[in-house]
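Visitor: Sequence:
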Amino acid sequence: MKKLIFTSLFIFAAFTLYAQTVPLTLNIENIGSNKGSIVVNICTNVDEFAEREPCKYSFSIPAKKGSISQQINIDKGRYGIMVYHDENSNNILDMAMFGKPKERYGFSNNKYGAFSSKPPFEKALVNIDRPTTASIKLKK
Numbered sequence: 001m002k003k004l005i006f007t008s009l010f011i012f013a014a015f016t017l018y019a020q021t022v023p024l025t026l027n028i029e030n031i032g033s034n035k036g037s038i039v040v041n042i043c044t045n046v047d048e049f050a051e052r053e054p055c056k057y058s059f060s061i062p063a064k065k066g067s068i069s070q071q072i073n074i075d076k077g078r079y080g081i082m083v084y085h086d087e088n089s090n091n092i093l094d095m096a097m098f099g100k101p102k103e104r105y106g107f108s109n110n111k112y113g114a115f116s117s118k119p120p121f122e123k124a125l126v127n128i129d130r131p132t133t134a135s136i137k138l139k140k
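Mapping of the sequence shown onto my numbering: position 84 corresponds to residue 84, and the numbering continues sequentially without gaps.
It should be emphasised that the hints constitute simulated quantities derived from the structure, not laboratory data. A hint or two may mislead.
FRET-style restraints, in silico, Cβ to Cβ [as the list claims (entries may be wrong)]:
| id | residue 1 | residue 2 | range |
| --- | --- | --- | --- |
| 1 | Pro23 | Lys64 | 17 to 23 Å |
| 2 | Ser69 | Met97 | 19 to 25 Å |
| 3 | Ile61 | Ala114 | 16 to 22 Å |
| 4 | Lys76 | Ser135 | 16 to 22 Å |
| 5 | Thr133 | Ser60 | 17 to 23 Å |
| 6 | Phe59 | Lys140 | 33 to 39 Å |
| 7 | Asn73 | Phe98 | 38 to 44 Å |
| 8 | Lys76 | Lys102 | 32 to 38 Å |
Distance condition first, Cα-Cα at most 25 Å in a straight line; then the derived DMTMM-like pairs of lysine to aspartate or glutamate [what the hints assert, rightly or not]:
| id | residue 1 | residue 2 |
| --- | --- | --- |
| 9 | Lys102 | Glu53 |
| 10 | Lys111 | Glu29 |
| 11 | Lys100 | Glu51 |
From the three backbone atoms N, C-alpha and C, an ideal C-beta is built for every residue, glycine too.
When you get a sec, could you build the whole thing from the sequences and use the hints?
Guide: Next comes the structure, spelled out in structure tokens:
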């Protein structure tokens, strides 16, 4: 009997945890070349978005000129998404004078701050509580 109860609780917990994730499809547009990779950072709070802490989800995808689509399972929540095309594969967004990016970059909701900088976290937030698609058009 104890074994049956334990097994039932385990199965219930597994389904409950699984139900907390939903698919997020990222459509990334305006990729300039096949070189390097597309770096994606999905952030849960202001400190992650400001790059003072690592983002909850970070990964890279091989670059493909034009556009790519990538689906991942993600915990339900509100996220700010940052993407850049790391053409030279040095794992950083290269900057020119005055802090203007040399490589293409973008944010969720296609929001930008003043002078094409990072927008406030609140403007980039995407609510992910069901299967969601986020399209980000990279700019240079």
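Visitor: Each of the hints needs a verdict: does it hold here or not?
Guide: Hints, one by one, checked against the model:
no.: 1; hint: Pro23 x Lys64: 17 to 23 Å; verdict: holds, 21 Å
no.: 2; hint: Ser69 x Met97: 19 to 25 Å; verdict: violated, 34 Å
no.: 3; hint: Ile61 x Ala114: 16 to 22 Å; verdict: violated, 29 Å
no.: 4; hint: Lys76 x Ser135: 16 to 22 Å; verdict: holds, 20 Å
no.: 5; hint: Thr133 x Ser60: 17 to 23 Å; verdict: holds, 20 Å
no.: 6; hint: Phe59 x Lys140: 33 to 39 Å; verdict: violated, 22 Å
no.: 7; hint: Asn73 x Phe98: 38 to 44 Å; verdict: holds, 39 Å
no.: 8; hint: Lys76 x Lys102: 32 to 38 Å; verdict: holds, 36 Å
no.: 9; hint: Lys102 x Glu53; verdict: holds, 23 Å
no.: 10; hint: Lys111 x Glu29; verdict: holds, 14 Å
no.: 11; hint: Lys100 x Glu51; verdict: holds, 17 Å
Violated hints, in rising order: 2, 3 and 6; the structure is consistent with all others.
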